[in-house]
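Q: Here's the letter readout for the chains.
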Amino acid sequence: MLNQLRPALVLLIAMTAVTGLAYPLAITGIAGAVLPARAAGSLIERDGKVVGSSLIGQSFTGAGYFHGRPSATTAADPADAAKAVPAPYNAANSAGSNLGPTSAALAERVKGELDTLKAENPNQPVPVDLVTTSGSGLDPDVSPEAALFQVPRVARARNLPEDKLRELVTSRVEGRTLGLLGEPRVNVLALNLALDDLAKR
Amino acid sequence: MTLNGWMQIALYCAVVLALVKPLGLYMTRVFNGERNLLSPVLAPIERGLYRVSGIDARQEQTWLGYAGAMVVFNVAGFVLLYAILRLQAVLPLNPADQAAVAPDLAFNTSTSFVTNTNWQSYGGETTLSYLSQMLGLTHQNFVSAASGIAVAVALIRGFARASTRTLGSFWVDMTRATLYVLLPLCVLIALFLVSQGMPQTLQPYIEATTLEGAKQTIAVGPVASQVAIKMLGTNGGGFFNANAAHPFENPTALSNFVQIVSIFALGAALTNVFGRMVGDERQGWAILAAMGLLFVVGVAVTYWAEANAHGVLSNLGLTGGNMEGKEVRFGIAASALFAVITTAASCGAVNAMHDSFTALGGLIPLLNMQLGEVIIGGVGAGLYGMLIFVVVAIFVAGLMVGRTPEYLGKKIEAKEVKMAMLGILCLPLMMLGFTALATVVPAGLAGPANAGPHGFSEILYAYTSAAANNGSAFGGLTANTLFYNTTLAIGMLVGRFFVKIPVLAIAGSLAAKKRVPASAGTFPTHGGLFIGLLVGVVLIMGGLTFFPSLALGPVVEHLAGAAGQTFATGG
Numbered sequence: 000m001l002n003q004l005r006p007a008l009v010l011l012i013a014m015t016a017v018t019g020l021a022y023p024l025a026i027t028g029i030a031g032a033v034l035p036a037r038a039a040g041s042l043i044e045r046d047g048k049v050v051g052s053s054l055i056g057q058s059f060t061g062a063g064y065f066h067g068r069p070s071a072t073t074a075a076d077p078a079d080a081a082k083a084v085p086a087p088y089n090a091a092n093s094a095g096s097n098l099g100p101t102s103a104a105l106a107e108r109v110k111g112e113l114d115t116l117k118a119e120n121p122n123q124p125v126p127v128d129l130v131t132t133s134g135s136g137l138d139p140d141v142s143p144e145a146a147l148f149q150v151p152r153v154a155r156a157r158n159l160p161e162d163k164l165r166e167l168v169t170s171r172v173e174g175r176t177l178g179l180l181g182e183p184r185v186n187v188l189a190l191n192l193a194l195d196d197l198a199k200r
Numbered sequence: 000m001t002l003n004g005w006m007q008i009a010l011y012c013a014v015v016l017a018l019v020k021p022l023g024l025y026m027t028r029v030f031n032g033e034r035n036l037l038s039p040v041l042a043p044i045e046r047g048l049y050r051v052s053g054i055d056a057r058q059e060q061t062w063l064g065y066a067g068a069m070v071v072f073n074v075a076g077f078v079l080l081y082a083i084l085r086l087q088a089v090l091p092l093n094p095a096d097q098a099a100v101a102p103d104l105a106f107n108t109s110t111s112f113v114t115n116t117n118w119q120s121y122g123g124e125t126t127l128s129y130l131s132q133m134l135g136l137t138h139q140n141f142v143s144a145a146s147g148i149a150v151a152v153a154l155i156r157g158f159a160r161a162s163t164r165t166l167g168s169f170w171v172d173m174t175r176a177t178l179y180v181l182l183p184l185c186v187l188i189a190l191f192l193v194s195q196g197m198p199q200t201l202q203p204y205i206e207a208t209t210l211e212g213a214k215q216t217i218a219v220g221p222v223a224s225q226v227a228i229k230m231l232g233t234n235g236g237g238f239f240n241a242n243a244a245h246p247f248e249n250p251t252a253l254s255n256f257v258q259i260v261s262i263f264a265l266g267a268a269l270t271n272v273f274g275r276m277v278g279d280e281r282q283g284w285a286i287l288a289a290m291g292l293l294f295v296v297g298v299a300v301t302y303w304a305e306a307n308a309h310g311v312l313s314n315l316g317l318t319g320g321n322m323e324g325k326e327v328r329f330g331i332a333a334s335a336l337f338a339v340i341t342t343a344a345s346c347g348a349v350n351a352m353h354d355s356f357t358a359l360g361g362l363i364p365l366l367n368m369q370l371g372e373v374i375i376g377g378v379g380a381g382l383y384g385m386l387i388f389v390v391v392a393i394f395v396a397g398l399m400v401g402r403t404p405e406y407l408g409k410k411i412e413a414k415e416v417k418m419a420m421l422g423i424l425c426l427p428l429m430m431l432g433f434t435a436l437a438t439v440v441p442a443g444l445a446g447p448a449n450a451g452p453h454g455f456s457e458i459l460y461a462y463t464s465a466a467a468n469n470g471s472a473f474g475g476l477t478a479n480t481l482f483y484n485t486t487l488a489i490g491m492l493v494g495r496f497f498v499k500i501p502v503l504a505i506a507g508s509l510a511a512k513k514r515v516p517a518s519a520g521t522f523p524t525h526g527g528l529f530i531g532l533l534v535g536v537v538l539i540m541g542g543l544t545f546f547p548s549l550a551l552g553p554v555v556e557h558l559a560g561a562a563g564q565t566f567a568t569g570g
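So the sequence lines, in the order shown, correspond to chains A and B. The numbers in numbering that gives the first Met the number 0 rise by one with no breaks, and the one at position 85 of the first sequence is 84. The numbers in numbering that gives the first Met the number 0 rise by one with no breaks, and the one at position 203 of the second sequence is 202.
No lab work stands behind these hints: they were computed from the structure. Small disclaimer: the values here were computed from a predicted structure and weren't measured. Heads up, some of the hints might be wrong.
Which stretches of chain A does chain B cover? Using the computed rule of at least three CB atoms under 8 Å from a CB of chain B, they are [said to hold, decoys possible]:
1. 12 to 22
2. 32 to 39
3. 45 to 54
4. 83 to 96
5. 105 to 118
6. 135 to 142
7. 179 to 192
Pairs of lysine-lysine residues, derived as PhoX-like cross-links and limited to a Cα-Cα distance of at most 25 Å, are as follows [claimed, not checked]:
8. B/410 with B/513
9. A/163 with A/117
10. B/214 with A/48
11. B/414 with B/512
12. A/48 with A/199
13. B/214 with A/82
14. B/414 with B/513
15. B/214 with A/199
16. B/512 with B/417
Where a beta carbon is used, it is the ideal one built from N, C-alpha and C, also for glycine.
Model the full assembly from the supplied sequences, consistent with the hints where possible.
A: Here it is in structure tokens:
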């Protein structure tokens, strides 16, 4: 075994240098030169300030904005760092709810969300993605149905005609990649930015 | 279930199949030491590495020498990774000021990456510095995958060679797997992933002000370079907590597709390497067919289960499938497909939370791992795992007809069967033994987040994932405790090395044998009968061993859920 020690140690250090430093740094260099915006996290700026990333969902609670999906992310309790408190769309601590299919807590949470949404728009069935948390807690998208479902509420809050909002949502629907992969969706942050622009006009 | 969903699944299978032959040919040339496409660039680097390490590339090793080299290399890798994690607070490239990783968590994480498990007791963006992610995890992702490929190649040589004591050189196989196979593919995949929006930066986390005026800290980092090897090397340890469900770790449906192709690409191609090296490509296709059969059935069951909303959702009148824990851009089909792939291979990356799957949708990932991850499997590990089952299947066939079993002209005798059974039996010992322990001691019972049968499934899934070196989780389990970190690490070590070493012993024993010429009575091992026998042996062994545990977890939960029952914690 002892004669294996030199190859083991030298090869380990050499491989560490190649795969642990040279490779990631080379990719960082190339990506930064060729695709700087994407490599930096697809950030969106408004008036010189970063308002978020086009890939990361953020929390919307006001009636005048379209809302994303419920989020199960947490943050350390400011009063006691050992405890976690709910902090939706915490992009520094991604997480799902991990509630299973026979969880009473899940049943209670979904029922609560459902009642709120039904009160808001009693005329349409509630899309399932609006009452379920995403895997990351940072889902930037909702289904087209989920965005359209919220049109009456947003229209009331913004004093805008529903038709116009429905048009806005429809124009923001992204289809499947190559017409095949994934599912149709609407990016909530992009939709709300467009909504703000529309309201300004 | 939709037509579109099935088309996504069909396209996936077609792309993986199309890659088998070209990748198989390329890898065969690499491991035979022949000139290949990349030799002009990489051969000088390869020679340089051997020179500084004092390795004679022509000097081959016996199975014991090969196993010894692998163990020494892995132990050294473990020590290095442990040191990096413990020292990360004082090392550079730590913009988020992460503290040193606690001893039990560092032990668990180092074990996890050295064994190619990549279990996430750690939370990527909340625990690890950029340096730990690159120098520690990315590096181990490469070499643990390369070790797995090396052992598979050694076993293939055991079948292909006759009357020799040597199996090749671990150092050479490991170096070639890294330099010629993993690294070039990773460069391409990583750059593609950046083009889809995956970050690759050393800048600190970003402070954003949301449209509603709240502060949002957005974790970034050198993500793409790590994710490329995490998938290609079937490692699966995430850069972020939420793994491939995180929009930065899997931004688009296309990045998702490329990632799942990467998981299966090398494992599937290794069956072709096997066929080519033993001189009959049909042998490789037969093994791939057995794997493919088990895979397609698993995908169908999981997709069906997830496309129907479970009791909690359907009782409230919701339709559209089980979207809890899933991302809108992937939807049901791509999430179900991902879950089956990641557990069939020993990847363990997730693009949806398996803990929130329906009972039967979660049963398939669990069963995939319990069968030993032989459906394509981890790079190298899947092939040698399946070849162990081949040894058993051939032995069973021999018993049925009363003839000395042989495979590819090699007599399968007591020693091979004993070693194969050792490799097969250590997995249930770890999976079921530790699950039983955790369900009776307070430290184990403190883990599950869900009550009732689902809580049991969380524990069973954890030890299954650890021993099978998968790394995915029913994530509700609080596993970052002294009890779970330690027991899971033991499971990973036994699950990795008590399979790998018997496999090398089989390889050594086979290589030493003479080749028996095929006769009229030889059982053909490239036809439908053999494929059926192999699938049967895998399912019967798995079923007999694990059915009781599955009955206590997912099966009971399915029945309870169908009756409208829910379980509250603390009650």
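Q: None of the hints should be skipped; say for each whether it holds.
A: Against the structure, the hints come out as follows:
1. Only residues whose C-beta sits within less than 8 Å of a C-beta in chain B count toward coverage, and the stretch 12 to 22 of chain A has 8 of them, enough to reach three; the restraint holds.
2. Coverage of a stretch by a chain is defined here by at least three residues with a beta carbon nearer than 8 Å to that chain's beta carbons; for the stretch 32 to 39 of chain A and chain B the count is 5, and the condition holds.
3. For a cut-off of 8 Å, the count of residues in the stretch 45 to 54 of chain A with a CB near a CB of chain B stands at 7, and the three-residue condition holds.
4. Counting residues of the stretch 83 to 96 of chain A whose C-beta sits closer than 8 Å to any C-beta of chain B gives 9, which meets the bar of three, so the coverage hint holds.
5. With 5 residues bearing a CB less than 8 Å from a CB of chain B, the stretch 105 to 118 of chain A meets the requirement of three and the coverage assertion stands.
6. Given a C-beta distance limit of less than 8 Å, the hint that chain B covers the stretch 135 to 142 of chain A holds, as 8 residues qualify and 3 suffice.
7. For the stretch 179 to 192 of chain A, the assignment as covered by chain B holds, since 8 residues bring a beta-carbon within under 8 Å of that chain's beta-carbons and 3 suffice.
8. Distance restraint check for residue 410 of chain B and residue 513 of chain B: the Cα-Cα separation of roughly 9 Å lies within the 25 Å cut-off, and the hinted pair is therefore satisfied.
9. Proximity of residue 163 of chain A to residue 117 of chain A is assessed by CA-CA distance (about 22 Å); at most 25 Å being required, the pair is judged to hold.
10. About 12 Å separates the Cα atoms of residue 214 of chain B and residue 48 of chain A, which keeps this hinted pair within 25 Å; it holds.
11. Annotation: proposed proximity of residue 414 of chain B to residue 512 of chain B holds, straight-line Cα distance about 12 Å (limit 25 Å).
12. A hinted pair counts as satisfied when its Cα atoms are at most 25 Å apart, and residue 48 of chain A with residue 199 of chain A qualifies at roughly 19 Å.
13. For the hint pairing residue 214 of chain B with residue 82 of chain A, the CA-to-CA distance comes to about 21 Å; that is within 25 Å, so the pair holds.
14. Of the pairs offered as hints, the one joining residue 414 of chain B and residue 513 of chain B holds, with about 15 Å between alpha carbons and a cut-off of 25 Å not exceeded.
15. Proposed proximity of residue 214 of chain B and residue 199 of chain A is supported: the alpha carbons are some 24 Å apart, at most 25 Å.
16. Between residue 512 of chain B and residue 417 of chain B the CA atoms are separated by roughly 17 Å; this keeps the pair inside 25 Å, and the hint holds.
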